[in-house]
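Q: In the order they appear, the protein sequences are chains A and B.
First residue of the first sequence? That's 1 in my numbering, and the numbers climb one at a time after it.
First residue of the second sequence? That's 1 in my numbering, and the numbers climb one at a time after it.
Hints may be right or wrong, so weigh each one.
Covered stretches of chain A, going by a simulated chain B footprint (3 or more residues, C-beta under 8 Å) [stated by the list, open to error]:
1. 87-99
2. 258-272
Interface residues of chain A toward chain B, partial, derived using beta-carbon atoms under 8 Å [said to hold, decoys possible]:
3. Tyr220
4. Val221
5. Gly222
6. Pro223
7. Pro224
8. Glu226
9. Arg227
Read the hints as simulated data drawn from the structure, not as lab findings.
Just so you know, these numbers come straight off a predicted model, no measurement behind them.
Here a beta-carbon is modelled for each residue, glycine too, at the ideal position from N, C-alpha and C.
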Amino acid sequence: MLSREIRRRLALMAAGAGLLVLLAGAAGLLVMYSGVYDISAIEQHTAPVYRALEIGMRNAVRRRAAGIETPPLDDEALVRRGLRCFHDNCVQCHGGPGIAPADIAKGLQPVPSSLAQTARDWRPAELYWVTRNGIKMAGMPAWAYRMSERDLWATVAFLERLPHLGVREYRELLDTVAEEACMQPEGEHEADPRRGLAALRQYACHGCHRIPGIRGPDVYVGPPLERFAERAYIAGVLPNTRENLVRWITKPQSVSPLTLMPDLGVTEAHAHDMAAYLESLR
Amino acid sequence: MRRRAPCIRASPAVILGATLYLIACNGEHVPHVTVAGGNADRGRLAVESYGCGACHVIPGVPGARGLTGPPLNSFARHVYIAGELPNEPELLVRWIRDPPSLAPQTAMPNLGVSEATARDIAAYLYELR
Chain A
1 MLSREIRRRL ALMAAGAGLL VLLAGAAGLL VMYSGVYDIS AIEQHTAPVY
51 RALEIGMRNA VRRRAAGIET PPLDDEALVR RGLRCFHDNC VQCHGGPGIA
101 PADIAKGLQP VPSSLAQTAR DWRPAELYWV TRNGIKMAGM PAWAYRMSER
151 DLWATVAFLE RLPHLGVREY RELLDTVAEE ACMQPEGEHE ADPRRGLAAL
201 RQYACHGCHR IPGIRGPDVY VGPPLERFAE RAYIAGVLPN TRENLVRWIT
251 KPQSVSPLTL MPDLGVTEAH AHDMAAYLES LR
Chain B
1 MRRRAPCIRA SPAVILGATL YLIACNGEHV PHVTVAGGNA DRGRLAVESY
51 GCGACHVIPG VPGARGLTGP PLNSFARHVY IAGELPNEPE LLVRWIRDPP
101 SLAPQTAMPN LGVSEATARD IAAYLYELR
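Just chain B, with the same shape it has in the complex (with noise of 0.2 Å):
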């Protein structure tokens, strides 16, 4: 980086300022998952077509703000899927896929995802951060 001369006058409200916002720019460092053959732009049609968004709240999908399940806002920083499983995006393209097979009380429903849809919706998803 390069460092210029102080142009502004170090006065209490500047310093008082710029550490507020230094702290508020002092972000989390989130990995990038990648989902293999995952495409997160065709993920993010087939969430909308698959009407996801009736049950989950899904940032950057129209009318996505269901309530049933939970709000997948910064869904790449989710340590856990359905409270049961690591989010890692094997288990979630198959979690995505056929829910009940891996949780048998879900409340969340196999929807026929086929497996080429099901990686490119966990692309969409890891892409929420």
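Isolated chain A, as found in the complex (with noise of 0.2 Å):
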């Protein structure tokens, strides 16, 4: 048994302790909302900054794809419509063997890394599970979105090959691969309105327009779409039902040709879960 003098010392430590986590907590708060800390992508990181995210990324990856199971990544036909992916989407910012990346990568931060040491470094499930999900804040989109299933195995299996290749090897595997684009996700018959609201991010809906139920920035881009359900017109020309929706999310400008909404490339099924999802807002 401990004394009662040594249980009184105790307790008071773990009070101060606990005070010292909210303290440092709050002082984080203070820190980040005073503007201080240097968010220009010129400057680095501080060092226990850096480790902290880089850290908190690794961890956070390798829980998240210790449940996947990883299909067999070794035929040659899945290399190289991997690879038919990898070069049309990947480079342009992780750049490739004797690839540099382009323009608008070489400045980011964190810089894109270069896949032939994350080939090596991570597992297969861990890359499908980045490839597929993407990392906030990293710049690294979600390519669940753009990418079917088979073709982001297919990247993975690629990716497994690359560090393997020099620029002579990449160049002849590249000629023998068809030109034919990697595939868009399959879509699910039944519209689903939460799968609605993630479609809605993963197409940037909320750059522009203030959506319920989604944390994004105080835009009037477009108009707010609140209440959506309960408006008679979309776009002030269609009036609003399902049909016209879907209409109007995967083709914008073949009915208002000045309209300043882009075509974002929405497939199908994508706009059918977004229309959902907007039906719902009440």
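Fit chain to chain and form the complex, with the hints in mind.
A: Below you can see the structure in the form of structure tokens.
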């Protein structure tokens, strides 16, 4: 049994530690709020911040990828398919053998990793998870909305091959690969509002519209979509029906040639999901 | 600003509360837009008498709860008019006067608003920040 004195001291120490954690959290919030932390992408993160973000990201990916079962990845057709996806979608930011990333990616912070290194350091299930889901505030988008499930794994299959390819081998393999673009994801039959909410985020709709249920910038580029179910018209021109809404989302400029809303390449299935969500907003 | 010696004990709860308060009060800067010849008070009355609220939600106008057109909350912050035109005073005045002349497909009708009244209405809408 601990003496009363020791228990009292332990309790005091625990309370002190708790108070310190709270104070540290409050100090962190104040630092963020005050604007002193340099968010310029020219300056580096401080070493502790960089390490904390790096370790947090690594562990979060490891944890989420733990339950994913990896299919066989050594099929040559799958590897070639993956090369198509890699060359068309990944190289622009990550570069490739003897290929620089595009200008848009060079100044990104964090710098997009060289995938030859990543493929050596990460397990296939982790590569799949990151490719599929992207990483918040890292510039890595979620490819689940641009690539079919099969092509996500094909990309991973190619990444496994990547560290073994020199410039010549990469070019030779690329020459054998069909031009046919990486596949869009397969759609579900039944429109689903929950998937729709995710799809609205994944097509950057909240970059221009305020949408209930999505945390995003306070923007008024397009009209806010509150109470969309009760709106009589879409874009001031189409009666608000499911069919019209899907048409508007997939091909706005075919309805109003001068609309500022661009064609975002939304698939039919994703548009149905989005419409189901918007129709739930009352 | 005057500085005072802290009179509240800086407990974590107080710091957190103050931080949240500051964050909540961290409003956007919305520049004030003026409309030549427009009077916002007259504009609000005109919005009421033309029945704009039958189709639009318009803050400050009794009964303006229509959802046929887009809600006009925070109109001063809207970047575009009708999804096609930059939200600028002279364009807004033209839009209010004769919407189909600017966007032929629009469901918004020409309500026969005079130039002077359209200026008043525009002035009121830019008060919606």
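Q: Return the numbers of the hints above that this structure violates; sort them in rising order.
A: Result: hint 1 breaks, nothing else.
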